[in-house]
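Top to bottom, those sequences are chains A and B.
Under the numbering used here, read the first sequence as residues 1 to 186, first letter to last.
Under the numbering used here, read the second sequence as residues 1001 to 1375, first letter to last.
Calculated from the structure, these hints are not laboratory results.
In this text, a Cβ means the ideal position worked out from N, Cα and C, and glycines have one as well.
Treat the hints with care, as some may be off.
As the list claims (entries may be wrong) - Residues from chain B shown here face chain A by an in silico Cβ test under 8 Å; the list is partial:
1) Arg1024
2) Gly1107
3) Gly1127
4) Ser1129
5) Gly1130
6) Tyr1135
7) Ile1153
8) Asp1156
9) Ala1158
10) Asp1159
11) Ala1179
12) Tyr1231
13) Gln1260
Residues per chain are reported as follows:
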Amino acid sequence: MSVLYQGTLSPELAPCTLATGAWPESEADVPPPPLPGFVVSAFSALAAEVARRCLSQCPEYSDGLEAGSEGGRAPAVTAVVMVSSLGDIASAAHVAQAVDSRDRVLPLLFFQSVPNSVAGYIAARWRLTGPVVSVGGLDAGFGAAAQLIEDADAERVLLIRIEQAEVTGARDRAEALLLAAPEEES
Amino acid sequence: MTGARRGTGRVAINGAAVASAFGRGVEPLLAAALDGTPGFRPVERFDVSDRRVGVAAVAPGAPVLADGLARVIEEACDSAGLSAARRAHCPLFLAMHGDPDLARAVGAERTEHGADAFAAAVARRAGLSGVVRAYTSACVASATAVADAAAMIARDRADCIVVAAGYFVDADQFALFDAGRALAPDGRVRPFSAGRSGLLLGDGAGAVVLGSASSRTLGRLVGWGRAGDAYHVCRPRPDGDGLARAIVAALLRADLRPEQIDYVNAHGSGTPHSDPAETAALYQALGEYAAAVPVSSTKSVHGQALEAGGMLELIVSLFALRAGALPVNAGYLGPDENCELDLVLEPREADDAEYALSVNSAFGGANTALLVGAP
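For reference, chain B alone in the conformation it holds in the complex (with noise of 0.2 Å):
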C-alpha cells in the first residue's frame, strides 16, 4: 500500500475559474497580481466600528458563498469542456471554513450546516457526482484537496476531479482576526518586509479541474508535499521543518531540481514570525538557490482567503507563467534581514519561465507545496 511518492507528468490542470475582490474571472485578478495593485478598500459589508481594523480585499457586496461556488466551477467545468454527463462522474473536493449558517443554526437544525452536508449541496447543484470531500485545514485547506486529487488521478483512482475552494470575508472570521491583533493596523499586507504588521483578510473562490491531459489543458500540477511542524497550536517552526519537508517531497514527485523552479508564490502572510520561519523553510529546502529564485506573496494583492487562499495562490501562479511575467510582491518598504529572498518588487517578465511553486502554512503547524508547470 505504501509506495514511492507518485506525480511526474501525470495530472493535467484542464481547467480553472476564479473571483476575488476585482471582480469575477482570472484577467483582473492577475493584472493587479502583475502590477503589484493591492485590493484592500473600507469593509462595508458589516459593521466593523468596534475592530482595530477595518479593511479587507472584498468586492462590492455581500456575496453569498454559495453561489460564488456554483458559478466557479460551472466556469472551471466549462473551460474543461466537461459535459454535463462527465460531469456528473466527477467527485467535488471543497477546501471551505464551513457553512456560513452554521454558528447561527439552533440546536438538531446544525445537522444540516456540516461541512460535507454543504459541500454535497454544492456538488448536486453543480451537476457533480455525490462523492464529496469537505476540507477544513484553514490556510492549507485548498492545497491540501488539490494534492489529494492529483495523487488519486496520479494513481489511476480517478479520472477527472473537481477542486473548489471558498472564501467570502465575514463579520466573525473578521471579529476573530482582529481581536487575535493580527490584522495589519496600517491597512497594508508587506510580505518579507520590514515594518509588516501583519495579514489582511481577502474574498476569494475558485476551482480547478485536474485529469489527464487534454487539448483544454493549461497546465500541469507535476508536484505536491504535505508534512507537519509537531510544533505549536498557531506559530510555525522557526527553522521551517515541516515546510521545508513538504517542498522536498513536492520536488521528489516532480523530479526536479531546486534551480528548475522559476518562481515562488509564498504564503508570506505578512506577520513578525511567519515570514522569517518560511525563509528558513526554503533556505532549507532549495539550498542556496533560495537567494535567487523570484519570490513574491500575491496575498499582498490580495489579501489572506483563508480555505481559499492557495487555490487563488495556484491559480495565480499558473496563469502567471502563462502570461510570461512574475507577480509583484506588494506593499514592500524595505529589506528585513531575516528575509534575505529574491523579491519580485516591480513588475518582471519571465518569457522562459516553465515551473512555479506555491507554498502554503496553516495554524496547527500544516504545511503544504504545489509545483505547477506549464502546459
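With the rest of the complex left out, here is chain A (with noise of 0.2 Å):
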C-alpha cells in the first residue's frame, strides 16, 4: 500500500489507503441499479456501489444486504466523508425545474437533497459508526478525513467522492477510498 494523498496535508497527517473503488472501472463498466427509495439521480447508486467495491476487499467489514451477514459493528470506527463540488446535481436540477414550472415535487428526492443521506444508507449497510461529514472538494474532504483520526472519532475513514457529469455525453465518475492512520500501513 502506499499513500495516496499528495495535497496540502502536513506529511504526518496524510493517511494511508487500505483498498479502493471506483466507477466506472472500465468504458464497458455499466451504471450501478438503483437504490431503493432513491430516484431520478445516479449519485446515490454511485456512492453504494464504490462502497461496495472497496469494502469487499477488507474481509473485517461485511455485507448487510449478503444473506447470512451477521449484526453488530465493524470492527474499526469508520466514518463516511462525502467529497462532491456539485452535490447530487441532478436531483437539484430537477428540483429547480419542477419549482420554476410549478409541478409537483417528488416527496422521495427530499431525503436525497443532501449528500449525507447516501452515507446514512452506506453506514447501515456496511455498519460503520463513525462521524458522517460531506465537504465541498478533496483537499477539504482529506483534511476532514485526517482530522477525525487524528481527533480521535474515528479509526479509519470511507472517503466517497463523487462528481455527476456537467455535460451532454460525458459520464459520472465516483471513487471511494479506506483510509487509515499511516501506522496502519504495515
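Quick one: dock chain against chain with the hints and give me the complex.
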C-alpha cells in the first residue's frame, strides 16, 4: 500500500489507503441499479457501488445486504466522508425545474437533497459507526478525514468522491478510498 | 497519528456575529430566544401557494447568501479584533447547502458554482486566506466545521480559523421539505411537546472566530464530538446511540462530568421521531442527570436553518451563558412521555451557568456535540 494523498496536509497527517473502489472501472462498466427509495439521479447508487467495491476487499467489513451477514458494528470505528463539489446536481436541477414550472416535487427527493443521506445508507449497510461528513472538495475531504483520525473520533475513514457529468455525453465518476492512520499501513 | 481526544482549555471563541429572522446582530436573536418569542411569519419571498405550509422564520425581503455571509464574517472578525494582515492568514470553514445559483446553472457553467468555489469566493471577499473548506453535511455542517476548526487549534495546526455558516430560506428547499411532509402544518415548532407536528425553516447566517484566548474572548469551546448512527438514510436511531457517543466524546475532551453541564441547547427539531431519539441519547450520555439539566430547542424560535442551524444555536448558547439566562423552549403544549426532560418553558435566570451543550443531528445518522464554556 502507498500513501495516495499528495495534497496540502502535513506529511504526518496524510492517511494511508487500505482499499479503493471506482466507477467506471472501464468503458464497459454499466451503471449500477438504482437504490431502493432513491429516484431521478444516479448519485446515490454510484456512491453505494464504489463503497461496495472498496469495502468488499476488506474481510473485516461485512455487507448487510448479503444473506447470512451477521449484525454488529464494523471492527474499526469508520467514518464516512462524502466529497462532491456539486453534490447531487441531477436531483437539485430536477427540483429547480419542478419549482420553476410549478410541477409536483417528488417526496422522495426530500431526503436525497443532501449527500449525507446516502452516507447514512452506506453506514447502515456496512455498520460504520463513525461520523458522517460531507464537504465540497478533495483537499477538504482528505483534511477532514485525517483530522477525524488524529482527533480520535474515527479509526478509519471511507472517503467517497462523486462528480456527476456536467455535459451531455460525459460519464459520471465516483471513487471510494478506505483511509487509515499511517501506522496501520504496515 | 491517532491519539487521545484533546480539547480542554485550548480553544477560545474570540469573535461572533449573526443574522436571523429577527434581523442583524446577536441582541434581537438572543432577546427572542430568552423570551420564547417565535419568528415565524408568512413567506412572501417566493410563491408558496402550492405548498401545504406557508410560514417560516424569515427576515423581510430576499437576502443574498454571499452578502449575508460577507457581513457576518466582517462583523465577527471586527469583534475579534483581527487586523487585515491576520485575516489574510485565517482559513475559512464554511457550512452551507451549496451555491444558491447552482441548480439553475447549465452544463459546464456549473463548475463555477461548486461549493468549494463558492467558499473560496466568500473567503476572497472577506480578505481571508485561500485555505477553505465547504461543509455540506446538512444539519450538522456548522457543528462539524466548528469541531474540526477547534481540533486544529487544540493541536496547534492553526492559530485562528473563521467558521461561518449560512442558509436563507429558498424556494427549492422549502418545496422539498413541504413535499416530504416535514413542515409543521400548524405553523409552530413544538420541540419535545405533545402534539408536535414537524419543523419550520428559518433564515440564519453566523460566524465565529476561533483561536487562543485573548482580551476579546467571548467564551471557550471546551469540548466537541462527532459520531454516526449506522442506522438509516434519514431517521435517527431510536435509542440515540450515535448522538450519545458524540456527547460523551465532547465530555471527555472537556474533562467534564455530566452534572457540570448547566444547559442543553437541543437539536429539538419538533418532529415525531427525532425528539424521543434525542431524549434517549441524553439519558444514555448523561444518565439520570438528563432529567435534571435544563433543556430547550431554540429552533422553536428561530426555525431550522439547516446547514447554519448549529451556528445559530452555538451563538445563542454562548450569549445566553454570558447573559446568565436560559433560552425558552417555545410552542410547548404539554408533556410527551417519551421526552421527559426539564424543558425551559418560561424565561429562566441562570446567573451561575458556566457550561452549555449544543447538539445536532442530521440525515444520514450524523451527530455532533459542542460544549461551550463561559470565558
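Against the structure, the hints:
no. : hint    : in the structure
1   : Arg1024 : violated (27 Å)
2   : Gly1107 : holds (5 Å)
3   : Gly1127 : violated (20 Å)
4   : Ser1129 : violated (12 Å)
5   : Gly1130 : violated (10 Å)
6   : Tyr1135 : holds (6 Å)
7   : Ile1153 : violated (12 Å)
8   : Asp1156 : violated (11 Å)
9   : Ala1158 : violated (11 Å)
10  : Asp1159 : violated (15 Å)
11  : Ala1179 : holds (4 Å)
12  : Tyr1231 : holds (5 Å)
13  : Gln1260 : violated (21 Å)
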